[in-house]
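Undergrad: Construct the entire structure; sequences and hints are all you get.
2 protein chains.
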Amino acid sequence: MFEWTVSARDGSARAGELVTPHGVLQTPVFAPVGTQATVKAITPAQLNELGAQLVLANTYHLFLRPGESLVAEMGGLHEFMQWPGPILTDSGGFQVFSLAGTRKIDADGVTFKSHIDGSMRRLTPEISVGIQEQLGADIIMAFDECAIPTDQAYAAEAMQRTHSWAIRSLGAKKRNDQALFGIVQGGIFRDLREESARFISTLGFQGFAIGGLSVGESKSDMYQTIEVVNAVLPEDKPRYLMGVGTPEDLIEGVLRGVDIFDCVLPTRLARHGAALTRFGRINLLNATFAHDPQPIDSDCQCYTCQHFSRAYLRHLINAKEMLAATLLSLHNLHSLLQTARELRAAIQSGQVQQYAETALNRLHSKNKPEVFL
Amino acid sequence: MFEWTVSARDGSARAGELVTPHGVLQTPVFAPVGTQATVKAITPAQLNELGAQLVLANTYHLFLRPGESLVAEMGGLHEFMQWPGPILTDSGGFQVFSLAGTRKIDADGVTFKSHIDGSMRRLTPEISVGIQEQLGADIIMAFDECAIPTDQAYAAEAMQRTHSWAIRSLGAKKRNDQALFGIVQGGIFRDLREESARFISTLGFQGFAIGGLSVGESKSDMYQTIEVVNAVLPEDKPRYLMGVGTPEDLIEGVLRGVDIFDCVLPTRLARHGAALTRFGRINLLNATFAHDPQPIDSDCQCYTCQHFSRAYLRHLINAKEMLAATLLSLHNLHSLLQTARELRAAIQSGQVQQYAETALNRLHSKNKPEVFL
Chain A
1 MFEWTVSARD GSARAGELVT PHGVLQTPVF APVGTQATVK AITPAQLNEL GAQLVLANTY
61 HLFLRPGESL VAEMGGLHEF MQWPGPILTD SGGFQVFSLA GTRKIDADGV TFKSHIDGSM
121 RRLTPEISVG IQEQLGADII MAFDECAIPT DQAYAAEAMQ RTHSWAIRSL GAKKRNDQAL
181 FGIVQGGIFR DLREESARFI STLGFQGFAI GGLSVGESKS DMYQTIEVVN AVLPEDKPRY
241 LMGVGTPEDL IEGVLRGVDI FDCVLPTRLA RHGAALTRFG RINLLNATFA HDPQPIDSDC
301 QCYTCQHFSR AYLRHLINAK EMLAATLLSL HNLHSLLQTA RELRAAIQSG QVQQYAETAL
361 NRLHSKNKPE VFL
Chain B
1 MFEWTVSARD GSARAGELVT PHGVLQTPVF APVGTQATVK AITPAQLNEL GAQLVLANTY
61 HLFLRPGESL VAEMGGLHEF MQWPGPILTD SGGFQVFSLA GTRKIDADGV TFKSHIDGSM
121 RRLTPEISVG IQEQLGADII MAFDECAIPT DQAYAAEAMQ RTHSWAIRSL GAKKRNDQAL
181 FGIVQGGIFR DLREESARFI STLGFQGFAI GGLSVGESKS DMYQTIEVVN AVLPEDKPRY
241 LMGVGTPEDL IEGVLRGVDI FDCVLPTRLA RHGAALTRFG RINLLNATFA HDPQPIDSDC
301 QCYTCQHFSR AYLRHLINAK EMLAATLLSL HNLHSLLQTA RELRAAIQSG QVQQYAETAL
361 NRLHSKNKPE VFL
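Chains as they are written, first to last, in our numbering: chain A, 1 to 373; chain B, 1 to 373.
Don't read these hints as lab results, they were simulated from the structure. Hints may contain errors.
What the hints assert, rightly or not - With a Cα cut of at most 16 Å, we get these calculated EDC-like pairs of lysine to aspartate or glutamate: (1) B:Lys219 / B:Glu248; (2) A:Lys320 / B:Asp117; (3) B:Lys368 / B:Asp299; (4) A:Lys174 / A:Glu126; (5) B:Lys104 / B:Glu157; (6) B:Lys320 / A:Asp117.
Unchecked claim - Residues from chain B that keep clear of chain A, each with C-beta distances beyond 10 Å, as calculated: (7) Pro44; (8) Met81; (9) Asn286.
What the hints assert, rightly or not - Far from chain B, some chain A residues (derived; all Cβ distances over 12 Å): (10) Ala156; (11) Phe279; (12) Gly280; (13) Ser349.
All C-beta atoms, glycine included, are put in the ideal place defined by N, C-alpha and C.
TA: This is how it looks when you write it as structure tokens:
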């Protein structure tokens, strides 16, 4: 179980296969986020039609509601949310540390206030792993601390705690049918990131994640940090870049050796009326689309683009119709899933540099076709 | 076009086929409501999987937003909302007359305040038919006045206006690829309903609707009124009971010779967490369902019941997830569509009385199985 094969390489980019109890992940892979045990506004059947392989669910949210014991009682997350493929749960760390002012960190763990009922709750490495074992995802994450990436003293302190919690997370693990991934922290500081990657690499995790990125640092800091970390991480384990997911970041991450991604971006943008295209984002509420009979992106093969006009989508958004979120989520998720599939094919044919250059040039183009303005 | 065949009879109940430019309706038929050119929270692909045949859209809403000329510019309603099957639009009358206090009725039409931008707008029989011709549904409705059904003086006055507007609606019609249905009014008063049905029958409409029911009158008044009207309406035209749609009312209507139904009930209940079952409604937010691993209705073949537990649905509602509305809408729509299909089969096999008795006994049962309490 959890056998990891790199089946093709192109520069630092890898195409691989990760065997999980619920199917084989073909990487690079993008995971739609199902925070509360549902990818918002999308049925599992639709997710499946999109070709999604892996879904992420959030331990923090499910811990608070409906509670991990209910999920376990209902047969675990796969059964509960009816996603038969691989699932990954995070550790809850990221959400808890985002609750500035309402959480208290100590060496043992974190105490925080529930955003649902205001009750005081606690997460430690042992509690987090215990919850994730109850939820029953295929891939679970060590409990870590995500520091503000540009504050060096805090980044060092958070990294130390992350290391001690990594050991405790490993020690708490009981189930053999789940892979536990370790998380590298260290902000945007090369020394810290190298130290963290070296330390975490030695602990016997079944995969490695780069945490604490895409949280306010510059793009160049982010890409450099990925390079620094991946230069240290072992080649023979999968690498997961947490919470990252613009089309550009997917491409830049893959070029630097990342295998797994997740992000709320495609579904969150969808709920705000924005759509990803080959030429960047467009906001469908824009008046220029009011009479536009064209699909979001004429090159796109998704259900939304095969059927609906921008004028119709704009009408749905204007009229506050739920279908707007569904149709835009289908399109935006398709964009990222398709990009990951194309990256895999490009790696397999040794053309990932060309593919990336063409796609990035289009995304960053200053001479976009008028229809994408 | 619009050929109507009654292919089976069982008592007053009829099974028929209505040929429209976008397909043949097999009646009895229940039409999901797509008020703003979308059945809320459902894609056209999902509607098609449900076996929906006919969709209703509201002239009042589309007149105000996005406007009938935009819909026409985008190729008409079928193209705009990507529903390839038959569509029916109402006349806007019902919505306008529901705006008590903000609308002014005269002999020529109605002036009212838009609920969207507060602007003053006007509908007359000619304007309503003109809008409906722009929208391009297969079946369109005469502009009528829906009175409070229990106020006899007002019901008589509204009926007279409805009759004069029926003649004007017919006179305003230009397109040959749309069927125009006339509407019978008259509240709950036998004399008025008989007079109205006789008058409307003489005008050359391609089908007839019973308006002004399910708006506050008792069930027995409603059922009796249907009987009174259908005894007068010609056998050789389809009959449409407007805005009616509980499972009970569907059955009672079919027994009394109704062919077409529409109602927002299944999708509206869904958005409030309520589900239709063989044994009546259940509210999934009820704490008794918190740990319930069973589907809404173990006999139901819909996507929701084939996959999801009540516990999961309750979690989605609790967490205010959009998927709750989608999954419950799929189930509730399936319930009514399936009831219509079963009624058709029962009529064809001469067993509609038995079918109705069994179904109504179950719905009204005082000894429901515990799981449906």
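Undergrad: Is the Cα-Cα distance between B:Lys219 and B:Glu248 16 Å or less?
TA: 10 Å, holds
Undergrad: Does B:Asp299 lie within 16 Å of B:Lys368 when you go C-alpha to C-alpha?
TA: 15 Å, holds
Undergrad: Straight-line Cα separation of B:Lys320 and A:Asp117 no greater than 16 Å?
TA: Holds, at roughly 15 Å.
Undergrad: For A:Ala156, which was marked as not at the interface, is the minimum beta-carbon distance to chain B over 12 Å?
TA: Given a closest Cβ separation of 37 Å, the condition holds.
Undergrad: Would the non-interface assignment of A:Ser349 survive a Cβ cutoff of 12 Å against chain B?
TA: 33 Å, holds
Undergrad: Is it the case that B:Pro44 keeps its Cβ farther than 10 Å from each residue Cβ in chain A?
TA: 7 Å, violated
Undergrad: Checking the smallest CB distance to chain A, is B:Met81 really beyond 10 Å?
TA: About 7 Å separates B:Met81 from the closest Cβ of chain A, which leaves it inside 10 Å; violated.
Undergrad: Quick one, are B:Lys104 and B:Glu157 close enough, alpha carbons at most 16 Å?
TA: Measuring from Cα to Cα gives roughly 15 Å; hence the hint holds.
Undergrad: Can you confirm whether the C-alpha distance between A:Lys174 and A:Glu126 stays at or below 16 Å?
TA: 11 Å, holds
Undergrad: For B:Asn286, which was marked as not at the interface, is the minimum beta-carbon distance to chain A over 10 Å?
TA: Holds: least Cβ distance 15 Å, greater than 10 Å.
Undergrad: Evaluate the condition: distance from the CB of A:Phe279 to the nearest CB of chain B exceeds 12 Å.
TA: Since the minimum Cβ distance to chain B is about 23 Å, A:Phe279 lies beyond 12 Å and the statement holds.
Undergrad: Holds or violated: A:Lys320 and B:Asp117, Cα atoms, limit 16 Å.
TA: 15 Å, holds
Violated hints for the displayed structure, listed by number in ascending order: 7, 8.
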